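S.K.: Next come the chains, spelled out residue by residue.
2 protein chains.
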Amino acid sequence: MISLNETHDVNHTSWVSCANQPDSDFPIQNLPFAVFRVAGESFRCGVAIGNQILDLKAAAAHKPFEGKAADALTACEHENLNPMMELGFEYWSALRLSLSRALRTGSTLESQFKPCLVPMAKAEFALPCQIRDYTDFYSSIYHATAVGSLFRPDNPLLPNYKWVPIGYHGRASSIDVSGQTFHRPAGQTKAPDADQPSYGPCKRLDYELEMGVFIGQGNPMGNRIPLDQTDQHVFGMCLLNDWSARDVQAWEYQPLGPFLAKSFASTISPWIVTLEALAPYRTGYLRPAEDPQPLPYLSSEQNSTLGALDIQLEVLLQTPGMKGSQTPVAQKQCMEKLSQSSFKHSYWTIGQMVAHHASNGCNLQSGDLLGTGTQSGPKPEEAGSLLELTKGGKQPLTLTNGEQRTFLQDGDTVVMRGWCEKEGAARIGFGDVSATILPAKG
Amino acid sequence: MISLNETHDVNHTSWVSCANQPDSDFPIQNLPFAVFRVAGESFRCGVAIGNQILDLKAAAAHKPFEGKAADALTACEHENLNPMMELGFEYWSALRLSLSRALRTGSTLESQFKPCLVPMAKAEFALPCQIRDYTDFYSSIYHATAVGSLFRPDNPLLPNYKWVPIGYHGRASSIDVSGQTFHRPAGQTKAPDADQPSYGPCKRLDYELEMGVFIGQGNPMGNRIPLDQTDQHVFGMCLLNDWSARDVQAWEYQPLGPFLAKSFASTISPWIVTLEALAPYRTGYLRPAEDPQPLPYLSSEQNSTLGALDIQLEVLLQTPGMKGSQTPVAQKQCMEKLSQSSFKHSYWTIGQMVAHHASNGCNLQSGDLLGTGTQSGPKPEEAGSLLELTKGGKQPLTLTNGEQRTFLQDGDTVVMRGWCEKEGAARIGFGDVSATILPAKG
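Sequences listed follow chains H and P, in order.
Going by the UniProt record's numbering, the final residue of the first sequence carries number 442, and the count climbs one at a time with no gaps.
Going by the UniProt record's numbering, the final residue of the second sequence carries number 442, and the count climbs one at a time with no gaps.
Treat the hints loosely; a few may be bogus.
Which copy? The list can't say, so a pair holds if one copy fits it or any two copies do.
To be verified - The list that follows gives simulated cross-link-like pairs (lysine-lysine, DSS-like), each with its CA atoms no further than 25 Å apart:
| hint | residue 1 | residue 2 |
| --- | --- | --- |
| 1 | LYS162 | LYS203 |
| 2 | LYS57 | LYS122 |
| 3 | LYS122 | LYS190 |
| 4 | LYS203 | LYS391 |
| 5 | LYS422 | LYS337 |
| 6 | LYS394 | LYS190 |
| 7 | LYS190 | LYS162 |
| 8 | LYS63 | LYS337 |
| 9 | LYS203 | LYS441 |
| 10 | LYS323 | LYS57 |
If you are wondering where the hints come from, they were derived from the structure by calculation, not from laboratory data.
Because the structure is a prediction, the values reported are computed rather than measured.
Between the sequences and the hints, there should be enough to build the whole structure, so can you do that?
M.R.: Set out below in structure tokens:
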């Protein structure tokens with residue numbers, strides 16, 4: 001279990017002064033991890049502070065820490081975060097505490113660390129770690145109901161939904177970091193009135209607004225992870241856009257689930273926000289009283305802390321029309337919000353997903369990525385996909401500039417943002433995840 | 001396209017004389033690859049010849065080859081086969097040719113290579129390569145129909161089956177090599193007459209008789225692999241037992257497919273038999289004339305060579321009762337055959353599976369493992385799982401010793417064997433894959 005400690009103290013400020021702006025995603029209470037480089041140099045691990053990145057390889061050269069924090073910082077000298085993530089919670093937490101103190105206003109390490117800062121604007125990002133297995137859950141009951149009603153009008157929410165944290169294995173190889181571009185996928189589809197299927201470019205390309213959960217410490221095969229111990233296994237979270245070819249999905253998904261409809265690309269945000277940084281945003285356990293209580297292996301006395309996380313999420317669209325002739329800065333601002341929701345609406349918590357995943361003895365490994373499934377809220381305008389927002393493509397969205405969308409068009413850029421905010425706690429931001437659709441290959 | 005060449009010549013014999021026995025799985029025409037060690041030493045790559053293993057690290061020290069074969073042998077000095085597999089078909093083929101000549105009767109390399117032989121009986125095996133993504137297909141129409149009739153009596157074979165090589169993403173972390181033992185998994189199940197599900201040890205534990213296909217050379221994301229080029233991407237094949245918890249599967253699998261019912265363990269045979277070694281066993285393309293012809297991206301002028309592979313497969317069971325008080329050697333012989341079939345009955349070929357997998361631009365990677373799905377033949381006794389052999393557990397099998405089985409019991413060992421055999425070609429064996437079920441953990 002993660003407790004609040006001095007790293008969460010809202011009174012602390014950083015000598016990296018831009019981190020103290022109230023709207024910064026990356027104040028000293030956040031300290032998320034990524035892998036980055038400056039053009040022409042090698043990739044390395046870093047921590048965000050304001051609009052700067054602390055180069056951990058450069059910082060480690062000063063041997064500034066002791067004990068577990070020193071070991072964790074040494075592990076960050078690698079080209080990705082896997083070696084550090086494998087060390088386990090005590091090491092992550094010790095490193096976070098030491099970084100918090102080192103970046104805090106008045107720290108004696110300021111003079112050593114200042115030359116280790118790199119402006120975020122100059123950074124290129126890579127995947128933060130080598131992703132092992134990728135599992136995608138289906139944890140929003142609002143999404144499951146809305147999608148179920150499109151695919152199975154008579155039977156939208158299946159009887160297992162309120163008992164089983166439904167998930168499926170996903171494709172790891174095609175996951176890339178924000179900034180990804182990919183060609184519109186082709187695939188086999190069959191129109192309802194067609195005699196036979198055909199193969200060609202996807203006509204119903206969609207995004208899915210998800211969160212990603214990185215496993216830090218795994219479990220040996222055959223062992224389970226009790227729900228109360230799941231916090232020790234989760235390193236942190238990111239934003240995840242799980243692109244979906246809806247027409248391919250509709251034709252291929254029975255009986256074994258989505259396959260090529262989801263395996264052409266998935267995009268994550270570069271920063272892993274640690275579960276410890278998110279601790280102030282745990283909410284109570286929100287399951288409706290009229291719903292069945294979870295089976296014992298998915299229940300806990302500690303529900304208050306194993307509960308939901310109130311992470312605000314939004315999706316923005318930038319069409320080629322919006323990019324127009326404007327300057328790069330104006331372009332970046334010229335996007336239209338499609339929806340907004342919160343991860344607190346998830347029917348299953350992260351802890352329940354992890355405990356369920358290992359409940360058959362399946363060995364989770366450091367670097368595994370769990371998707372939460374599309375996060376749609378209870379209101380129609382809180383839907384996390386175009387499939388839902390347009391009622392399966394039947395009700396086009398009209399954008400402010402007059403353009404319409406049922407599904408995504410070539411050149412469209414989809415941006416997702418996430419952040420936590422409330423009175424009495426520091427804002428904890430995820431940054432964003434952005435990716436752009438290229439035309440289908442000939 | 002793979003052509004027959006001197007490595008397939010049935011007249012060649014080896015100076016490793018046991019390889020020349022007509023019933024040997026590993027004659028000089030086979031030359032499969034594995035990763036092995038002698039107890040106490042480090043894992044290394046090897047090639048089977050008769051009942052011996054050629055230690056490729058030791059052989060490489062002699063620098064016996066030139067050109068691409070030399071480069072491929074150098075890549076085999078690694079602790080697993082990934083670096084060699086990544087090199088591509090021309091390198092695999094050159095190495096095979098050089099090894100064939102070196103192990104052939106009369107080779108001048110005999111004196112150098114003889115000290116590099118290790119008796120197979122002394123070897124311990126590891127996974128032959130680091131498995132990246134694992135995908136499981138569903139390529140036997142007989143299996144799909146039989147299982148479909150149990151899960152969906154009204155709708156056994158779905159309309160997409162004859163058009164789409166159905167597959168789903170599987171769990172890579174829990175795949176291990178022959179000799180694996182694993183605890184009976186626990187999971188959430190719901191009896192048809194129960195009000196609510198419960199969590200406990202699986203009661204319907206089953207094997208699945210599959211083949212595994214290892215990708216050697218991948219494709220860049222966004223590119224496809226034309227059907228006629230799939231041979232250049234497939235390094236080779238192994239046997240695969242894809243253990244299944246049928247009661248967990250029945251409750252969890254809708255709408256996103258199997259998840260925890262399959263992720264607790266999968267077992268592969270240690271030897272990768274190269275696609276080149278299997279070339280003499282290509283058969284014509286067997287799709288029934290009354291069935292729809294595949295879409296163009298799954299069709300080829302070269303169907304005769306891209307066709308099925310006639311690989312004989314059998315499943316054997318050894319119960320704790322059979323192990324009894326006998327000697328280890330007698331134990332090994334005391335097994336009961338449950339079924340026998342051939343991979344030639346597969347509705348989809350390996351080439352079609354690979355071309356379909358990459359048809360949306362999904363990047364396959366060296367080390368990816370594709371399961372073929374359970375290989376059941378047209379006759380009921382050719383079924384590749386107990387689910388089928390016992391009609392969903394309703395018709396128990398009575399074994400020769402009087403024991404009965406619907407599903408597997410603790411202590412049961414399941415062994416699968418595979419081989420190719422016909423007039424005018426050398427026998428090409430896969431060896432076997434064996435694994436044993438331990439009781440559920442408390």
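S.K.: Hint compliance check: list the failing hint numbers for this structure, sorted ascending.
M.R.: 3, 8 and 10
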